[in-house]
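Engineer: Chain by chain, the residues:
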Amino acid sequence: MELTMGGFLAILGAAVASMAGIGSAWGVAIAGMAAGGVIAEDPKKFGPTLMLQALPGTQGIYGLLIAFIIMNKIGVLGGNIAALTTPQGLMFLAAALPAGITGTVSAIWQGKVAATGVHLIGKRPEEIAKAMVYAAMVETYAVLALLASFLMVNGIQI
Amino acid sequence: MNKVNIIGLDSIKTELMKRIMDLGVVEISSQDTKLTDPEWTSYVKKDGNENVVNNLDVKISQINEVLNTLELYDTSKRPLFTTRKTISSDEFRKKLEENNSVSENVAKVLELNKSLSELCSEGNKIEASILSLKPWSSYDIPLDMTETKYSSIIMGTIPNIVEIDELKSQLLQTTDRCIINVIGSDKDQYYCSFICLTEEKEDILEFLKQYGFSAVIFKDLSGTAAENIIQYENSLKEISAKRETIDKRITELVSCKEEIQLFHDHLIIERDKNKILSNMLKTDTTFYIEGWIPEVSKDKVQKVLDEYECWYDFKKPEEGEEFPILLKNNAFSGPFDSITELYSLPSPSNIDPTTVMAPFYVLFFGMMLGDVGYGFLFSLGCFIILKKFDIEGTFGKMLKVFFWGGISTMFWGVMYGSWFGDGLVVGARHLFNINLPLTYVWVDPLKEPMTVLLVSFIMGLVHLFVGMGMQAYMLIRDGKIKDAITDIGFWYLFIIGPILWLAGDMIIPGSPLPVIGKWMTLFAVIGLVLTQGRAKDNIISKLISGVLSLYGITGYLGDVLSYSRLLALGLATGVISSVLSLIGSMVGGIPGKIMFVLVFVFGHTLNLAINGLGSFVHSARLQYVEFFGKFYEGGGDAFNPFTKKTKYIKIKEEI
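Line by line, the protein sequences are chains V and Z. Counting from 48, one number per residue, gives the positions in the first sequence under this note's numbering. Counting from 915, one number per residue, gives the positions in the second sequence under this note's numbering.
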């Protein structure tokens, strides 16, 4: 195993990608706080509010997914880190940015939309689908970022 | 949907309304607008029986209270899903006649409930009194003794920011004929008593006021504080004993819950029968109903109306008239009504998109989840629930939707070679040393994402084109063939043209496709520029609008790119599965095997839950935003027939 700057940068990329979890934690918390308030009025709405709360959680998973693909590709998981050049490492870092940054920001905003969705079903429980679609509108961009990161990581030759 | 007008004799009204209710296929609309029309009001007046309705409503809300109470005391195991019990109408009638003690039991429960809440509030009051007495428990002078011939006792509290020793010395400086006792203290205040001469009482009170003193007076209490507390505690015990007996008596009544539910449903039916009268008009000897009947049920209703010798006519709704919406779909697409309903029912002038949407929904759902194992679990779960429980309404329909979604998920799992991701293959190798020959049929999306992405875009394009086709169909149906050509046809060309122009050579090398594409594009551009501004007045703004409309292509581009989620979410499921397999198989030996099983079960449960949710939401979004956006207009009112809206019992009619 050889330690190189490239290897470090690639690991940094994996770290950046998985930090989308910050946004997810934030977004899930925002939605969860709103859900707590609605549950105080009507505990039967636990199921639907939980579904809405879970929606901003996916960005963290997408980030982890990119982190995993990077780690797998550079051999961290097998215990043999490939000797990457610095440009290669930088490429991994760059490829991780969409998942990490878009993931973080979109998760926070999705959390806010999910929170309003929670309020919506507090008053009109039958409109849950609309609340979920509103939240999914935000998620679209996290999905696109995931795709961009995936295709980039996939395309890097080592 | 047919509009129906019925006139009949008053003598058969009750009987007929019962039959119509049994049929449950006629919506009886409100006639309030006719009642403002003098031409109508000179002949008819509003029917109705509001007093009866109100009385029944009161009874129903009482019974609801009773049922809620009994629900709390019912310890029997509840089924996972609550469903209505099905019985025949004869049985329903017979049971109602048998249960002659129902109203008695209802009254009993109400009575018990009332005394229970009274006991509760009494208990609370006593507890509050105990709390206020507690600090004084070491005060051994009877509370009702507040003065003797020459002396007085002052009781009260002082905030504990006051230095009590300083207060004592200050007070003793003004008078030495005063005894100060600090009975107790808590985190906020001191509890003190002052024994002084009656003549100096006012001065001492004045002095104490500076220190934030507030007097405490125990009214209607005799004996010491401690004695009182004991007394109170005894009465608390009595109350709880009483509550227990009441609890027991209510628990005994739980057994008649079913009878009460039956009675509840009976009252609901009676209430609705009376309530519907206010939607009807009457003269002295006849009644008049206006309503809606779905095409399929026309014959059934006609037969009943003939039987009762009513006058009636059926009419198709007039152009532009609003009518209630009842979605009618076949066995496969029927459950997908629920997806459409969640968006909004179609407006009367629109069409029901469900049948066209259903296959796409299933296809996309499966593609995003894309795993044989997950699909199997989904379908099996839904199938078992549907077999075991008679679930009605939206939830039941959703289960059927997920059943089909699961089938499609299995199909895509086979195409992608995903059996719990690679979990089954890795698991077989890790646990039993067997190599399972499970591989993909079409493509491995992790290795060849671009292929799947391209297919996703093509599917998206097809989906969008079908949506635009629906719009074109509606335009043609309404006789606007020109609009269909300019607004839909040109756009078809303007989307297909550039694709052929740019990629035609890759599709069939050496073919004339790029040239055809080029001319298609050119034709479409000219067509769009010339037609899209036709609503404007002068030629310049017509052209400007036409040119600007070309910018609409970006919208279509965005729509198509949106379908990349079909790949991305499928990847998410697959990659998480392979992470799970990797973590699970890190350790060897027996502990490694146990770990694999644990990781497999927990990990896949979580993955299935979160990605199942994701697939449901995102395939709905593709329908709602991309597909419906092309043609659909919601806002219809649901068909709301006059029928038995029972809550606990489903009554089967023998017709």
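By construction, these hints were calculated from the structure, which means they are not laboratory data. Any given hint might turn out to be false.
Claimed, not checked - 25 Å max Cα-Cα, derived DSS-like pairs, lysine-lysine:
| no. | chain 1 | residue 1 | chain 2 | residue 2 |
| --- | --- | --- | --- | --- |
| 1 | Z | Lys1566 | V | Lys92 |
| 2 | Z | Lys917 | Z | Lys1301 |
| 3 | Z | Lys1558 | Z | Lys973 |
| 4 | Z | Lys1564 | V | Lys91 |
| 5 | Z | Lys999 | Z | Lys1361 |
| 6 | Z | Lys999 | Z | Lys1063 |
| 7 | Z | Lys917 | Z | Lys1171 |
| 8 | Z | Lys1311 | V | Lys170 |
| 9 | Z | Lys1189 | Z | Lys1432 |
| 10 | V | Lys91 | Z | Lys1242 |
| 11 | Z | Lys991 | V | Lys92 |
| 12 | V | Lys91 | Z | Lys1559 |
| 13 | V | Lys91 | Z | Lys917 |
| 14 | Z | Lys1187 | Z | Lys1450 |
| 15 | V | Lys92 | Z | Lys1361 |
| 16 | V | Lys91 | Z | Lys1171 |
| 17 | Z | Lys1115 | V | Lys177 |
| 18 | Z | Lys999 | V | Lys91 |
| 19 | V | Lys92 | Z | Lys1115 |
| 20 | Z | Lys1022 | V | Lys91 |
| 21 | Z | Lys1008 | V | Lys170 |
| 22 | Z | Lys1559 | Z | Lys917 |
| 23 | Z | Lys917 | Z | Lys1450 |
| 24 | V | Lys170 | Z | Lys1217 |
| 25 | V | Lys91 | Z | Lys991 |
| 26 | V | Lys92 | Z | Lys959 |
| 27 | V | Lys120 | Z | Lys1311 |
| 28 | V | Lys177 | Z | Lys973 |
| 29 | V | Lys177 | Z | Lys991 |
| 30 | Z | Lys1162 | Z | Lys1189 |
| 31 | Z | Lys1156 | Z | Lys1187 |
| 32 | Z | Lys973 | Z | Lys1214 |
| 33 | Z | Lys1450 | Z | Lys1212 |
| 34 | Z | Lys1196 | Z | Lys1171 |
| 35 | Z | Lys1314 | V | Lys91 |
What the hints assert, rightly or not - Only some residues are given here: those of chain V computed to face chain Z with a beta carbon under 7 Å:
| no. | residue |
| --- | --- |
| 36 | Leu112 |
| 37 | Pro172 |
| 38 | Ala176 |
Here the structure is a predicted model, which is why all the values come from computation and not from measurement. The beta carbon of each residue, even a glycine, is placed where N, CA and C say it ideally should be.
Engineer: Next, verify each hint and record whether it holds.
Structural biologist: Going down the list of hints, with the structure as the test:
1. Lys1566/Z - Lys92/V: With a Cα-Cα distance of about 32 Å, the restraint between Lys1566/Z and Lys92/V is violated, given a limit of 25 Å.
2. Lys917/Z - Lys1301/Z: violated, 38 Å
3. Lys1558/Z - Lys973/Z: Holds, at about 18 Å.
4. Lys1564/Z - Lys91/V: With a Cα-Cα distance of about 24 Å, the restraint between Lys1564/Z and Lys91/V holds, given a limit of 25 Å.
5. Lys999/Z - Lys1361/Z: violated, 53 Å
6. Lys999/Z - Lys1063/Z: Distance of about 78 Å is beyond 25 Å: violated.
7. Lys917/Z - Lys1171/Z: violated, 42 Å
8. Lys1311/Z - Lys170/V: holds, 23 Å
9. Lys1189/Z - Lys1432/Z: Distance of about 67 Å is beyond 25 Å: violated.
10. Lys91/V - Lys1242/Z: This hinted pair is violated, its Cα atoms lying about 32 Å apart.
11. Lys991/Z - Lys92/V: Roughly 21 Å separates the two Cα atoms, so the pair holds.
12. Lys91/V - Lys1559/Z: Holds, at about 22 Å.
13. Lys91/V - Lys917/Z: violated, 40 Å
14. Lys1187/Z - Lys1450/Z: violated, 55 Å
15. Lys92/V - Lys1361/Z: Roughly 42 Å separates the two Cα atoms, so the pair is violated.
16. Lys91/V - Lys1171/Z: The given pair, whose Cα atoms are some 22 Å apart, holds under the 25 Å limit.
17. Lys1115/Z - Lys177/V: violated, 72 Å
18. Lys999/Z - Lys91/V: holds, 23 Å
19. Lys92/V - Lys1115/Z: Given pair Lys92/V, Lys1115/Z is violated - Cα atoms ~61 Å apart, limit 25 Å.
20. Lys1022/Z - Lys91/V: violated, 29 Å
21. Lys1008/Z - Lys170/V: violated, 40 Å
22. Lys1559/Z - Lys917/Z: Given pair Lys1559/Z, Lys917/Z holds - Cα atoms ~23 Å apart, limit 25 Å.
23. Lys917/Z - Lys1450/Z: violated, 40 Å
24. Lys170/V - Lys1217/Z: violated, 43 Å
25. Lys91/V - Lys991/Z: Holds, at roughly 18 Å.
26. Lys92/V - Lys959/Z: Given pair Lys92/V, Lys959/Z is violated - Cα atoms ~45 Å apart, limit 25 Å.
27. Lys120/V - Lys1311/Z: Violated: Lys120/V and Lys1311/Z sit about 44 Å apart, past 25 Å.
28. Lys177/V - Lys973/Z: violated, 36 Å
29. Lys177/V - Lys991/Z: violated, 34 Å
30. Lys1162/Z - Lys1189/Z: violated, 38 Å
31. Lys1156/Z - Lys1187/Z: violated, 42 Å
32. Lys973/Z - Lys1214/Z: Roughly 34 Å between the alpha carbons, so the hint for Lys973/Z and Lys1214/Z is violated.
33. Lys1450/Z - Lys1212/Z: The given pair, whose Cα atoms are some 47 Å apart, is violated under the 25 Å limit.
34. Lys1196/Z - Lys1171/Z: Violated, because 40 Å separates the two Cα atoms, which is more than 25 Å.
35. Lys1314/Z - Lys91/V: holds, 23 Å
36. Leu112: Cβ of Leu112/V sits 5 Å from chain Z, so the hint holds.
37. Pro172: violated, 11 Å
38. Ala176: Given a least distance of 4 Å, the restraint on Ala176/V holds.
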